[in-house]
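K.L.:
Sequence:
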Amino acid sequence: MVQALIVYCSPAGSTRRVAHVMETTLKDLDIPCTTADVGTSGGREAAARAVQDMGKSTCLFVGSPVYANHPVPPISAFLERLPEGTGAAAVPFVTWGGASSGVALYDMGSILSAKGLRLMGAAKVMAVHSLMWRAENPVGEGRPNAADDQKIRELTASVIRKMTDGDHGKGIPLGDLDYQPAEFREELAAASLEKARGHMPQRTVHEDRCTQCGLCVEVCPTEAVELSPFPVFSDRCIFCFNCVKECPEDAIVADMSKSEKMVRSRAERFDERPRTRIFL
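Residue numbers (the numbering used here): 1 to 280.
Be careful, since some hints might not be right.
Quick list of the computed label-pair ranges, beta carbon to beta carbon [what the hints assert, rightly or not]: (1) P248 with E226: 52 to 60 Å; (2) D208 with D271: 40 to 48 Å; (3) S113 with L29: 30 to 38 Å; (4) E268 with S113: 28 to 36 Å.
Because the hints were derived from the structure by calculation, they are not lab data.
Backbone N, C-alpha and C fix where the C-beta goes; we use that ideal spot for every residue, glycine too.
Kindly generate the complete structure, drawing on both the sequences and the hints.
P.N.:
Written as structure tokens, this is what we have:
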């Protein structure tokens with residue numbers, strides 16, 4: 001009997017939405033499903049337990065937002081720890097904020113293939129850019145939308161149909177996920193969060209406003225925030241700025257204006273289309 005495991009990380013919520021659409025579609029198809037958010041300690045533990053039971057009848061749906069053209073570190077770490085030789089199927093998916101979907105899908109597909117999982121499908125889904133929550137007319141505004149959701153339902157149902165029909169070997173070639181134009185691919189692949197670190201907005205902690213409520217610690221998907229006694233940020237930070245967005249006292253602030261201009265410039269330069277695409 002086919003069963004599913006959905007593993008994702010979603011600092012801004014867009015990847016969580018896609019995962020939820022997959023989960024509800026699987027439930028409608030009466031497919032047993034386990035879902036884990038590896039941006040939380042409980043989710044990481046649940047995912048680690050679930051992968052020990054993966055076999056040929058398992059389909060792993062694994063999703064990440066695109067940060068600096070690649071999957072976020074919690075997802076990369078999860079993929080690297082996957083056991084080999086399970087014979088399971090896999091469907092990587094990414095959400096991207098309109099600047100570029102980079103090479104994240106290819107990164108994920110490469111690791112999955114190297115671990116021996118069969119690529120049964122994949123998706124990139126347009127989303128509002130996570131750095132533009134304060135901007136007027138943000139890049140990717142209103143996405144994912146109902147049309148995006150429908151494509152994800154189509155992808156999920158098609159993959160399960162292939163597996164329940166016994167068509168376990170008919171996946172997609174890894175090369176399908178290497179879709180970026182040749183003139184951009186090397187540049188996109190060379191980017192990294194570490195290289196982007198010096199260009200990201202700097203956070204300022206106003207200690208006089210901070211109540212040490214700990215919410216910034218709770219919403220950090222990489223456990224990069226510590227109260228000592230006020231917020232301190234480690235090098236595990238992926239610049240999701242959840243700590244800034246969610247602070248109820250506005251004790252953590254950052255000027256996002258330069259980042260907003262950068263996102264608009266990249267969106268115009270790369271003009272990546274189609275915005276949302278499924279691979280089957």
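K.L.:
Of the numbered hints stated earlier in the document, which are not met by this structure?
P.N.:
1, 3
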